[in-house]
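2 protein chains.
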Amino acid sequence: MNKRLYLQHQVLQGNEEIARQNRELFRKHSVLVINMIGSPGAGKTTLLEHMISQVKKTAKLGVIEGDVETTIDSERIARYAIPTVQINTHGACHLDARMIADVTPHFSLSDLDVLLIENVGNLVCPTEFDLGEKMRIVVLSTAEGADKVQKYPAVFQQADAIVLSKTDLLPYVPFDLDKFYQELALLNQRILIFPVSALHGEGVKEFVEWLIQKRGDFQWKG
Amino acid sequence: MNKRLYLQHQVLQGNEEIARQNRELFRKHSVLVINMIGSPGAGKTTLLEHMISQVKKTAKLGVIEGDVETTIDSERIARYAIPTVQINTHGACHLDARMIADVTPHFSLSDLDVLLIENVGNLVCPTEFDLGEKMRIVVLSTAEGADKVQKYPAVFQQADAIVLSKTDLLPYVPFDLDKFYQELALLNQRILIFPVSALHGEGVKEFVEWLIQKRGDFQWKG
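Protein chains in written order, with our numbering: chain X, 2 to 223; chain Z, 2 to 223.
A few chain Z residues that face chain X, going by a derived Cβ cut-off under 8 Å, partial list only:
#1 40
#2 68
#3 69
#4 70
#5 73
#6 94
#7 121
#8 122
#9 124
#10 125
#11 142
#12 148
#13 149
#14 151
#15 170
#16 173
Selected chain Z positions facing chain X (Cβ under 7 Å, derived; list incomplete):
#17 8
#18 41
#19 42
#20 71
#21 123
#22 126
#23 144
#24 145
#25 146
#26 152
#27 153
#28 154
Derived by calculation from the structure, the hints in this document are not laboratory data. Note that the coordinates shown come from a computational prediction; the quantities given were computed from them, not determined experimentally. Backbone N, C-alpha and C fix where the C-beta goes; we use that ideal spot for every residue, glycine too.
The shape of chain X in the complex, shown without the other chains:
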């Protein structure tokens, strides 16, 4: 193993340990933690806003917004009057377990049902960094193209569900829907795919209903 790979290995090992501690803490408080991953502009924040609108009556939500710079996203989320913390990575291309551990004290975990984490806009870096989440959702927009499944296999392989966003653009972009489903099936036969137009609200309900059903795995509060 060369020096750089060795250092990367050390970083990942350190991350695993903190992620384990995070997961233990979230489990103790029965908080369902969801890590949302996707490219810049895939539509993660818009989807998050829909999720919040539909879930906040039945469950207590918190949000962690990960961005390289700015508080644009946390300001969008703040309008929903739920606990929100912005992490600015200042150049780092993903969140890591330490960053999550550092902001967790800002939440009253015993009052939360679901903690939604929007990772930094990136299809590569966040893949290897376990944050201590229970679920991973990958958001891919139709504008990005169906070949992204083959080109970035790791992130899709590890996902619990894929949201195919911006389906309203399908008539205008060269997105091969059959190829997309076929490539995903090759990677991960059990994967769930939710086609969504967050702009027009289509498909969001089905996705959120699935999420709500998932809470059966948990001892939810309230």
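Once you have looked at the hints, place chain Z on chain X.
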């Protein structure tokens, strides 16, 4: 400086030295090297295909394709019968100067005018890694949203030109064109912006003509 930042600093310093050597080699052979950066699905490869079609009659081109996995992009480029090398980073989120130095011997540099490098699809990681290029082009698609300038300032600040791609989607996406121009002007007053629809071929000619004009900086061959 903590250990991780120190290691990152060391990696970048090592990269700078190799980038300097690459640049020296490219200068010696009068090869204009262009580093193209953008998110997955921003439209880099399609733009590259247009650039090749329009330039290959007047200049000798080579292409380096950077991808995490697959040879999909280099296969697309291979149809144009120009020297093309695929680099698969297997998890790494950007190209670095060492990777470029390693594949440079596959090209006959004295026979090249322009070497086009398509970086790994990512708006964050490639920013800090100088490859030894002469020019940096950032490709952002209208589907990604105008707020990406504020959210990923470094990559836009360092660019020689921005290609705003998929302008054919403007009627269907909430992209604030005024905000986009204003935010870019705040970051970098001299920056050039080329609105392009690679799908329909609009705006590509203007961009390529500017590139061809840029070759005046070089002692072109042939």
